[in-house]
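Visitor: Chains as they are written, first to last, in the working numbering: chain A, 135 to 558; chain R, 2 to 169; chain G, 191 to 816.
Don't take every hint at face value.
As the list claims (entries may be wrong) - Result set (DSS-like, lysine-lysine): computed pairs, CA atoms no more than 25 Å apart in a straight line:
1. 641/G <-> 58/R
2. 95/R <-> 199/A
3. 227/G <-> 46/R
What the hints assert, rightly or not - Now the in silico label distances, taken between C-beta atoms and shown as ranges:
4. 163/R <-> 332/A: 56 to 64 Å
5. 31/R <-> 244/G: 41 to 49 Å
6. 351/A <-> 584/G: 53 to 61 Å
7. 57/R <-> 696/G: 43 to 51 Å
8. 35/R <-> 376/A: 53 to 61 Å
9. 259/G <-> 68/R: 29 to 37 Å
10. 163/R <-> 493/A: 44 to 52 Å
11. 598/G <-> 57/R: 38 to 46 Å
Claimed, not checked - So, partial list: chain A residues that the calculated Cβ filter (under 8 Å) puts toward chain G:
12. 434
13. 498
14. 544
15. 548
Keep in mind the hints are simulated off the structure, nothing from the lab.
We treat Cβ as the ideally placed atom computed from N, Cα and C, and that holds for glycine.
What follows is each chain in one-letter form.
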Amino acid sequence: MPGRKVNDVDQRTAKYVIIGGSAAGMTAAHTIRARDPGSSITVLSDEPDMPYYRPLIPYVVSGKKSVREMALHGCGPYTGTDIRVETDSRVTSVDTEAKTVFVENGGSVRYGKVLFATGSRPFIPPDIEGIETPGVFALRKLLDAREMHKRAAQTSHAVLLGGGLLNLKAAFALLERGLEVTLVVYSPEVLSQLMEPRDAAPVREALDDAGLKIRTGAAAVAVESDSDGVAGVLLDDGSEIACRMVCIGKGVRPNVEFLETSGIVLDSGIVADACTACSRPDTFTAGDVAVTHDPISEDRVMTALWTNAVEMGRCAGLNMAGVQTAYAGTFGILNATQIARLPFVSMGVVHTSGLDCEVHRHRSRGSYRKMVFSPDGARLVGMVLIGDIRNAGLYRHVIRERMEVSHIKRQIIDHSLHGGHFFR
Amino acid sequence: MAQPKEIFVKSERCLGCMSCMIACSVEHSPGKTLFSAIAEPVVPKSRVYVEWAPPAKKIPLVCRQCEDAPCMFACISGAISRNDDGTVVTDADKCIGCWTCVMVCPYGVIGRDIDAGKAYRCDRCPDRDIPACVHACPTGALLYETVPDYSKSMRQKASEELARAEGE
Amino acid sequence: MSFSEKTLSRSVDPATQRMLDVAEKEGLETAWDRYEKMLPQCGFGELGVCCRNCNMGPCRISPFEDTGPQKGICGATADIIVARNLIRMIAGGAAAHSDHGRDLAHTLLLTAQGKSGGYEIKDEAKLAALAKEYGIGTEGRTKEEIALDLAESAYAEFGKQEGFVQISRRAPSPRVELWKKFGIDPRGIDREIVEIMHRTHIGVDNDAVNLILQGLKASIADGWGGSAIATEISDVLFGTPVPVRSASNLGVLKDDAVNIIAHGHEPVLSEMIVAASCDPKLVGKAKAAGASGINVVGMCCTGNEIMMRHGIPHAGNFLQQELAVMTGAVEAIIVDVQCIMPALGDLCECFHTKFISTSSKAKFPGAVHMQFSEEQGYGIALQIVEAAVDNYVNRNPEKVVIPEEKMDCMVGFSTEAIVGALGGTLDPLLDAIKSGAVRGIAGVVGCNNPKIKHDEGHLELVKALIENDVLVTTTGCNAIACAKAGLLLPEAAEQAGDGLRGVCQTLGVPPVLHMGSCVDISRILTVCAAVANALGVDISDLPVAGSAPEWMSEKAVSIGAYVVSSGIFTVLGTVPQVLGSPLVTEVLTKTANDVVGAAFAVETDPVKGAQLMIAHIDAKRQALGI
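Construct the complete structure from the given sequences, taking the supplied hints into account.
Guide: This is how it looks when you write it as structure tokens:
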């Protein structure tokens with residue numbers, strides 16, 4: 135059996151062991167504590183920082199918020215007590231027979247039940263030369279944000295690779311520091327994962343107005359460097375952009391390496407059943423690392439969203455505490471944010487070109503919306519709201535419940551749906 | 002802990018006069034009177050909404066202060082917490098205006114303050130004994146009672162109706 | 191062309207749908223949009239239980255006995271508040287109609303004195319008939335002398351303190367006796383309106399029935415007073431209408447001509463605009479600017495007036511006024527008073543259209559004011575038309591969308607014209623009624639209202655009536671709805687029941703007779719009075735009924751009140767603001783029968799409304815033994 139030798143001094147036990155101290159892990163921990171006030175809960179995090187709200191780290195880059203303001207503990211539902219959190223404790227392997235997890239610094243912990251909530255890490259494209267150069271970042275952890283914050287002081291121009299939400303947020307954080315920022319995007323338009331190019335037009339306008347430079351249809355092939363680290367980026371069309379910082383936002387990969395020999399079934403991520411359980415007894419999974427299902431398409435899907443991770447973590451926590459609960463599944467796309475004073479929400483099926491579905495679009499000054507219905511027009515399967523995002527939660531409810539919408543279809547198309555329509 | 006009071010809505014009593022909305026806006030304005038409220042540079046916002054559902058229903062909607070609040074879990078900045086008397090509150094300082102709470106609220110009662118870039122919702126008027134909207138409603142469409150009291154009055158009505166029906 | 195479900199749900203008229211589609215795509219706001227934003231409308235207002243008549247208030251009565259105030263601060267109950275609000279609406283409506291009549295009398299006065307600019311006395315026969323009615327001698331006198339006396343007599347009706355309103359004596363004597371018996375025979379036009387305002391002041395009349403009776407009184411002074419004077423004097427000055435062909439709907443706008451819309455109510459203005467548009471110099475100017483000519487069209491009641499007398503095409507009814515501007519083809523929309531939306535100001539700024547107000551009583555935001563006066567009527571009209579012609583070059587052809595719908599119609603059925611069509615007497619009509627070929631007569635009138643699918647209320651009701659052999663007389667916005675749908679063509683007789691079809695085909699008239707503008711409902715009263723007198727009965731015995739399927743204005747409340755006061759059962763298609771008082775509701779829908787021999791019914795479904803009218807007509811037929 136691989137992994138460290140079992141050592142009496144380092145052997146510990148906890149009824150509930152949670153690997154990963156972010157959204158899924160901490161929500162599970164506090165959910166368990168709310169139902170089981172006495173049992174031991176241990177969270178093992180590989181980060182040096184106590185758990186924090188990951189989506190806020192761009193504010194560390196811009197300097198607008200301090201690290202202290204991001205602490206998870208005491209906020210929202212994270213008000214439980216007696217949860218032991220061990221930082222700098224990367225788990226290297228799991229023995230599901232002996233029900234033990236092994237930690238990199240030499241210790242191990244025996245578990246009654248274990249939750250794998252190790253999340254995901256940024257994908258670094260292997261085919262870009264010089265990607266290891268100092269000054270190249272992927273914004274994922276607090277320590278990344280601290281480093282970027284420091285380097286930004288000596289940077290006048292930063293290049294961000296990838297047009298997704300995370301990079302847009304990093305871009306704005308850097309713009310606020312006074313840097314010039316260029317976004318290099320492979321797709322024809324930004325936010326290609328969340329909406330079609332046509333839908334993204336109002337967002338694109340807002341970004342252009344905010345001073346962000348955007349190059350679409352381009353990819354980086356190499357990072358150039360000098361004695362100070364990053365000096366520039368070479369693109370696939372042969373052009374060069376001089377810069378002192380590069381930030382990569384090209385998606386994420388699930389952290390599953392520690393389970394290679396554990397016998398847990400993997401499918402890129404960790405496979406979860408309807409009640410978040412994995413393939414071995416007393417093992418559960420939640421968050422970015424988990425493979426769950428999309429309630430609309432019924433496909434297997436993995437998401438990289440805080441909100442979904444929290445929900446799934448909560449569900450896992452309930453199941454671990456003995457309350458059997460099915461996870462309602464998640465939309466592949468479920469996002470809400472504000473970019474350059476323009477709020478937007480996108481959820482469900484939003485990539486509609488070539489798809490058999492009924493689409494209603496409406497564009498007016500300052501706002502845009504797209505409602506996507508099933509091919510028979512009877513159900514709402516997706517939507518994009520830009521600008522006017524009132525009542526977005528109601529559409530999520532309608533999509534998720536796979537409601538038959540004929541009695542409210544006109545209201546959905548007109549975006550005049552409100553809570554009163556659900557009263558009988 | 003004593004039973005907290007909730008705002009119950011009897012939509013069949015709602016006439017759509019929107020007195021609740023005016024009272025709420027005024028209560029959440031610096032001057033707290035109607036005449037000062039309408040002169041303020043930043044328009045005070047109502048946290049209660051009166052919506053119309055065809056053909057003729059008028060429905061007041063306000064934050065339900067859910068026990069199991071989706072907004073609290075969804076908030077990515079920890080701005081939404083439950084305070085000591087059980088009210089779910091949005092901390093404006095922590096709010097970064099990402100609107101995830103708007104996206105998950107099944108009642109659509111979280112509002113967006115465009116100027117400040119922050120979310121806001123009903124705070125159950127902590128400075129008053131009775132929330133402003135309840136106080137202002139002229140037809141009793143909004144009630145401020147504990148769940149046991151409200152349920153009891155419902156049971157009373159139901160039992161009277163049953164007794165009437167059986168008596169026939 | 192496929193329109194959104196929202197557009198299709200708002201109107202049944204294809205031209206309106208086309209323009210609503212344009213509005214939706216261009217992001218232009220319409221009355222329908224503002225209606226949706228207004229929802230939910232305040233229930234206290236809807237029930238009529240909101241009172242702002244004094245500063246102890248505002249007060250509102252809760253419709254729920256167990257919660258909320260049950261009396262106003264002065265002690266007024268819901269019954270009192272509803273009654274007061276109702277008769278104040280009558281006052282507003284009667285005032286509008288009566289001012290219209292006053293302006294006509296004034297124009298006649300100036301014309302008789304030779305001081306008016308561009309007006310003349312066209313119908314001397316009518317002048318003589320009216321003179322006789324007012325006891326004015328005509329032997330050996332010039333028409334100006336007669337007209338002067340008539341104008342002064344008409345004028346005097348307004349300020350009269352005691353006596354009676356002359357034209358009300360056309361009503362059968364049992365009717366007049368009934369009015370006298372219940373104290374509702376009006377003494378003078380303005381007096382009754384003033385008394386409404388007095389009685390509804392805090393601490394005056396606090397008896398709901400007493401209040402309603404005064405409301406009826408003022409309304410009679412409108413229908414048989416102010417409105418009637420407006421109708422008759424308009425006939426004297428501009429000619430009594432005779433059957434004439436015309437066209438209606440937005441398609442009457444031309445893409446190659448200077449388009450001018452005359453909108454509002456008084457022919458004092460629109461007649462001059464029509465005349466000025468024929469001025470050769472102005473026509474020449476228009477042609478020099480590249481237009482084929484000057485195309486004057488009407489909207490709302492002033493449009494009805496010039497259509498009835500000159501066959502001038504009519505562009506649309508009340509809810510279509512914004513849509514007309516949205517065609518992008520209107521050089522000027524010239525307005526005087528009543529039913530003009532202030533929204534036109536902002537709307538015209540999106541187009542080259544000039545929004546021109548002309549009455550010192552009616553100013554609008556965003557309008558250019560060119561004050562009209564009867565003394566220089568024609569001269570000012572020339573200036574106004576010239577302003578429109580000069581605006582032609584500013585038209586943007588790329589923004590022009592004119593719906594193709596344009597329906598022919600036959601209009602101009604004044605009382606005299608109907609009698610003329612019948613061969614000089616009412617006998618053929620009476621025979622047809624007795625035989626049952628014509629089951630009865632209906633007067634279907636009134637506005638548009640976004641609460642009712644545009645024109646659907648009007649058309650479904652009228653079609654149901656003519657299918658059942660009821661001859662329909664129409665005025666106002668209902669007449670335009672019928673015109674647009676082709677019901678004002680003789681060919682429409684094919685949609686009528688066998689009896690009515692036969693009569694119409696024999697006479698060569700449509701089954702729906704356009705009798706004019708809203709003040710011309712006085713014509714309908716005159717016909718009913720004549721038929722009642724011929725049969726030796728009261729109007730309340732006649733197989734007749736009225737309806738306003740899509741009403742909205744206070745004028746309509748006054749009209750409804752005087753039609754019912756005249757003994758005619760009336761069906762309202764939108765709910766009046768009275769349901770907060772069960773007493774007032776009962777008085778209006780039941781008890782009125784015991785007083786004036788007729789009552790109201792409220793029915794939002796037009797087909798059911800027609801059935802109520804038909805049932806009523808049948809009951810009256812039976813009582814008459816025919």
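Visitor: Work down the list of hints and note, for each, if the structure agrees.
Guide: Each hint tested on the structure:
no. : hint                        : in the structure
1   : 641/G <-> 58/R              : holds, 15 Å
2   : 95/R <-> 199/A              : holds, 9 Å
3   : 227/G <-> 46/R              : holds, 17 Å
4   : 163/R <-> 332/A: 56 to 64 Å : holds, 59 Å
5   : 31/R <-> 244/G: 41 to 49 Å  : violated, 31 Å
6   : 351/A <-> 584/G: 53 to 61 Å : violated, 44 Å
7   : 57/R <-> 696/G: 43 to 51 Å  : holds, 47 Å
8   : 35/R <-> 376/A: 53 to 61 Å  : holds, 60 Å
9   : 259/G <-> 68/R: 29 to 37 Å  : holds, 36 Å
10  : 163/R <-> 493/A: 44 to 52 Å : holds, 51 Å
11  : 598/G <-> 57/R: 38 to 46 Å  : holds, 40 Å
12  : 434                         : violated, 37 Å
13  : 498                         : holds, 5 Å
14  : 544                         : holds, 6 Å
15  : 548                         : holds, 6 Å
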